[in-house]
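> Mind docking chain B on chain A? Use the hints.
So you can see what is in the structure, the chains are spelled out below.
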Amino acid sequence: MSARLAKGGRLIDRGRPLSFTFNGQEMRGYGGDTLASALLASGQTLLGRSFKYHRPRGVIAAGAEEPNALLTLADGTRMEPNQRATTTELFEGLSARSQNHWPSLEFDLGALNSKVEKLLPAGFYYKTFIHPRALWKHLFEPVIRQSAGLGPAPSDRDADHYEHLYHHTDILVIGGGVAGLQAALSAAAGGARVLVLEQTAHWGGRAPVDGGTIDGQRPEAWSDAALQQLNALENVTLRPRTMGAGVYDHGYALAYERVADHSPDDGRPRHRLWRIRARQIITATGAIERPLTFAGNDIPGVMLASAVRDYVVNYALSPGDRTVIATNNDDAYRTALALLDAGLDVPAILDARADVSGALPKLVAERGVRVEAGRGIAGVKGRRNVTGVEVCLAQGEGAALETIACECVAMSGGWSPVVHLWSHCGGKLTWDDARLCFKPDPGHAPTGADGTPFVIPAGAAAGAVHLGAVLTDAAEAGQLAAQRVERPADVQPAVADGPQESAPEPVWMVPSNASAELRSKMFLDYQNDVKVSDVQLAAREGFESVEHAKRYTTLGMATDQGKLSNINGLAVLANALDDAIPNVGTTTFRPPYTPISMGAIAGEARGALFQPVRKTPLHAWHDANGAYWEPVGQWRRPYCYLRGDETPEQAVAREVLATRRSVGLLDASTLGKILVKGPDAGRFLDMLYTNMMSTLPVGKCRYGLMCTENGFLMDDGVVARIDADTWLCHTTSGGADHVHAHMEDWLQCEWWDWKVFTQNVTEQYGQIAVVGPKARDVLQKLGGLNVSKSALPFMHWVEGTLAGVPVRMFRISFSGELSYEIAAPTGQAQRLWDKLYEAGAEDGITPYGTEALHIMRAEKGFIMIGDETDGTVIPQDLGLNWAISKKKDDFLGKRAQMRAHMADPDRWQLVGLETLDASVLPDGAYILGDGENTNGQFVTEGRVTSSYRSPTLKRGIAMALLKHGPRRMGQTVSVTSATGGTIAARVVDPVFLDKDGARQDV
Amino acid sequence: MAVTRLAQRGMLALRADLSVANAQISDAFGLSVPAPLEVSKTDDLALLWFSPDELLLICDLTDLVSFKSRTEAALAGMHAMVTDVSDMRASFELRGPRLREVLAKTVPFDTHPDRFRQGQIRRTHLGQIAAAVWMLEQECAQILCFSSYASYAQDLLYAACDPLARVGAVSAT
Chain A
1 MSARLAKGGR LIDRGRPLSF TFNGQEMRGY GGDTLASALL ASGQTLLGRS
51 FKYHRPRGVI AAGAEEPNAL LTLADGTRME PNQRATTTEL FEGLSARSQN
101 HWPSLEFDLG ALNSKVEKLL PAGFYYKTFI HPRALWKHLF EPVIRQSAGL
151 GPAPSDRDAD HYEHLYHHTD ILVIGGGVAG LQAALSAAAG GARVLVLEQT
201 AHWGGRAPVD GGTIDGQRPE AWSDAALQQL NALENVTLRP RTMGAGVYDH
251 GYALAYERVA DHSPDDGRPR HRLWRIRARQ IITATGAIER PLTFAGNDIP
301 GVMLASAVRD YVVNYALSPG DRTVIATNND DAYRTALALL DAGLDVPAIL
351 DARADVSGAL PKLVAERGVR VEAGRGIAGV KGRRNVTGVE VCLAQGEGAA
401 LETIACECVA MSGGWSPVVH LWSHCGGKLT WDDARLCFKP DPGHAPTGAD
451 GTPFVIPAGA AAGAVHLGAV LTDAAEAGQL AAQRVERPAD VQPAVADGPQ
501 ESAPEPVWMV PSNASAELRS KMFLDYQNDV KVSDVQLAAR EGFESVEHAK
551 RYTTLGMATD QGKLSNINGL AVLANALDDA IPNVGTTTFR PPYTPISMGA
601 IAGEARGALF QPVRKTPLHA WHDANGAYWE PVGQWRRPYC YLRGDETPEQ
651 AVAREVLATR RSVGLLDAST LGKILVKGPD AGRFLDMLYT NMMSTLPVGK
701 CRYGLMCTEN GFLMDDGVVA RIDADTWLCH TTSGGADHVH AHMEDWLQCE
751 WWDWKVFTQN VTEQYGQIAV VGPKARDVLQ KLGGLNVSKS ALPFMHWVEG
801 TLAGVPVRMF RISFSGELSY EIAAPTGQAQ RLWDKLYEAG AEDGITPYGT
851 EALHIMRAEK GFIMIGDETD GTVIPQDLGL NWAISKKKDD FLGKRAQMRA
901 HMADPDRWQL VGLETLDASV LPDGAYILGD GENTNGQFVT EGRVTSSYRS
951 PTLKRGIAMA LLKHGPRRMG QTVSVTSATG GTIAARVVDP VFLDKDGARQ
1001 DV
Chain B
10001 MAVTRLAQRG MLALRADLSV ANAQISDAFG LSVPAPLEVS KTDDLALLWF
10051 SPDELLLICD LTDLVSFKSR TEAALAGMHA MVTDVSDMRA SFELRGPRLR
10101 EVLAKTVPFD THPDRFRQGQ IRRTHLGQIA AAVWMLEQEC AQILCFSSYA
10151 SYAQDLLYAA CDPLARVGAV SAT
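Protein chains in written order, with this note's numbering: chain A, 1 to 1002; chain B, 10001 to 10173.
Hints in this document: simulated from the structure, not taken from any laboratory.
Computed from a predicted structure; not experimentally measured.
Glycine included, every Cβ here is placed at the ideal spot set by N, Cα and C.
A few of these clues could be false.
Output of the computed footprint for chain B on chain A, the stretches with three or more beta carbons under 8 angstroms from beta carbons of chain B [to be verified]:
no.: 1; segment: 265 to 271
no.: 2; segment: 466 to 480
no.: 3; segment: 763 to 769
Chain A is nowhere near these chain B residues, computed Cβ spacing over 12 angstroms in every case [as the list claims (entries may be wrong)]:
no.: 4; residue: N10022
no.: 5; residue: F10029
no.: 6; residue: D10043
no.: 7; residue: D10044
no.: 8; residue: T10062
no.: 9; residue: E10137
Part of the chain B face toward chain A, derived, beta carbon under 7 angstroms [to be verified]:
no.: 10; residue: Q10008
no.: 11; residue: D10110
no.: 12; residue: S10147
no.: 13; residue: A10159
This is chain A alone, in the form it adopts within the complex (with noise of 0.2 angstroms):
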């Protein structure tokens, strides 16, 4: 059992006790422990059950890289699931719970699946679960889906908020142990903006705890003394509980800052995303400890030699009254001495090595401990905690040599230096064969615009071993990199002393002849639950690829993506392969480095901010007068206005009804607005549009259509001719920016010689349409503008003032009644309405919104960008020959609508649908043709594209594409209902109202 000692513990302060709960029983701890340390000084050792055979698990690391101690964290609005307990730090009131077990952490039924191992090996979903067919829908992938994932997902909405920030910097160096230190002292000597981060709330790595000195000083002083250095300095900004959590293209990282995790509720953000580019990038990460492979190497109590010391240096834990440790390596040695010096016993050290005689391992035996060389461990005793361990020979079968009584087992199969964030961006790595890792390979960095690399490797990272190499190596990165940023200065490099290591050995498996049920107890990915006997089950069946080994087996698959499993585990696949480690490779690094929250990532994007909301001058009257809202693009417009207790369908039919037979006033600010100008503005825009827009008198409209390079219909509006080379272009309300990138497109890119300006005003104005019958007689009430049909005729324009408003105003019509559409300056444009409002009280003036709008224009045929167009559509298909010039060169299009798939007779065109019973078609169902295709489907040769009930002519009108459409008026067409069955329509001319356009234009 673990508990706490006496004395010691160099991060936790034990004046400020602290109380939590774990499965809701009340739990103590001291400031500075992380949970992981609070939970093991309470003696729980048992943490979790793993994924798949709910074996018991508990800590076996003390940093990011801990693959079992995943808990769930708080209830309700702060609940999150699989949260690492070796970097939660504590607080007041923290309460976690365990996952993946039912009914209970200590029985849990879904042990039984370890029962059944042998019947659930790698691959066992893709063999299993392929037939029959039909159950994999209905029994199969509920069953899986329900025994997947560890915690259980939140289900509240998040109490917390969060931000990004962007940062920009010369040079970023993620890692404040002492190797990022060493970097960042070297690199901002010189004046170089630097931004150093550490993920965990303390500086200096591991230094402090691994020993040896700096510049004569304790590890941690010197460390204290840098960071005393560095903060003083103004370019240098330090930055803790920061992980550096990607690195991408052209020096963008990405870090993520823990601001408040361990602080709850102080109203601060939880976490903070930055955002940062950086000219050149120094990954002072450290490394990883390797576990070692033997039956039984997850059981609770089995841990990294160096999680052994940390816990015990860092945070005073006893990990238990007897810890022996196996290694290949001396650095487990230390483990050993941190043990005798905190007055626990260590009854045998098993090294793998037939020759054990390195400096470290001579100190341990000095001070009498019983060093094994050539021995390991056959097996582990106990199931929910260790109780002892079974020695072997390291290169035998497993026999059991003696049985050492023990509460822990601390195990080191050497070092992986964190090549993540080099690898993120490109970096290659190269296999180190004498300290038995990958480590970055300095020729093949990731490089950046220029083809120059941005990313440097430092210390541990960097594949330096000895203190001192890590510090020198550290100082040289720092170095180049402020080099590289123009800004160097001349440092002198921290000197570090400490006992020289002998070379570890690659021992990947023990016993090296281990038995087929010893491997199939020694684990490799313990969050995945893969084992020895899964890699080379994968490689005897065609996985040869360390890419599909991974798949096929799920190692490294998990939230910890490997960090503890993916060495041993491509060891154990190129053993199968007879094949060595560097020709086997890695998988891919991919970033975060390890998981971060949703909320970072989505910043202060939510609530009200989530996504900006385009107001018009009126919104504020329509929302006091009734206003039923619809999402159109960015833009929020009244769909149409509530009165009494009217449902959204009555209003609209009331809208429609009052505004054909009266007048109605509608908000057509968002409309596109674009002035074009310039000598070449006429030749311009005979390009952009299908018809004629030069040959546009001044003071006159012209409606147009613009379509893309491949002919496709994308925008469409009227053009007004303003004067001699000043056109103003109205877009759809949707397309106002995409229609004017794509002017400066064409402008910039291709015609760039020629002399056209273009300014988007589309927010200048508010436009109001003023429509119906009495139109004419609300706007000479007005006064300040002749509205006759003389001075204003139908498609023309004037300026003047409106009711002391200067106005610019429009005779179109999208409705096919009298209509005038009136630009006012933004700010004044809610004193026009009020003004127009006012006038045309008498008349009952009523304010209508898109719906009624889009019903209007159905009736008379007028084809709306979005419904009778979705990008495959030509203006031909809709009957539009006639806005497409036949006199001009060339436009945008026109080469692509001549080719022969755009030209065929069978394209689906433009009709109206009737139904026979006057009922309202389904928006978008198809129009059927005979009989059924190779697929067995419906032949279908039409869609609809629109469909309203409409209230003037009180029945379901409906817009369809249909191949030969025009040809077919008067036939009937099935039409797919949405409850199944068809429905019979009437093919008929689309305009269902005043064809001639009687009504418009008077």
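Only chain B this time, still in chain A's reference frame:
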């Protein structure tokens, strides 16, 4: 930190090849045409560099008509475009000691004092919308955005100014 919506001002969009129209513009206003990312300013008008062929003139609303005709006269006969855009944009003043920090939360460009100096301008993004940021004083900036986005801009700036969301140690002065 204080966020203030400013009252409407006169604004003119000037489109012309600035390298060609340089003399005409500076003669008309007695003010040099601003270099890229810079602003030229007198007591009654400011010329904001918007792009290699675009300036934004800001003046008192009452001076707008006269500035417009002066500009048009100065550019007569050239390929140029002068548009009244006084109603097109909303302006905010952002003032306080945490100015650069608040900017760093909302705009992606480098707001370090060495890179974004007093009197400079950037056309950029503010959260999810297009905006321009004009650094007027050490602790005061103006932000321009299209008027339909004014309430989003205001809400975003308020959120970024939250005193509890202080970043600290980032905005060296």
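> Hint by hint, say whether it matches the structure.
Here's how the hints hold up against the structure:
no.: 1; hint: 265 to 271; in the structure: holds (count 4)
no.: 2; hint: 466 to 480; in the structure: violated (count 0)
no.: 3; hint: 763 to 769; in the structure: holds (count 3)
no.: 4; hint: N10022; in the structure: holds (17 angstroms)
no.: 5; hint: F10029; in the structure: holds (20 angstroms)
no.: 6; hint: D10043; in the structure: holds (25 angstroms)
no.: 7; hint: D10044; in the structure: holds (21 angstroms)
no.: 8; hint: T10062; in the structure: holds (14 angstroms)
no.: 9; hint: E10137; in the structure: holds (21 angstroms)
no.: 10; hint: Q10008; in the structure: holds (6 angstroms)
no.: 11; hint: D10110; in the structure: holds (4 angstroms)
no.: 12; hint: S10147; in the structure: holds (5 angstroms)
no.: 13; hint: A10159; in the structure: holds (5 angstroms)
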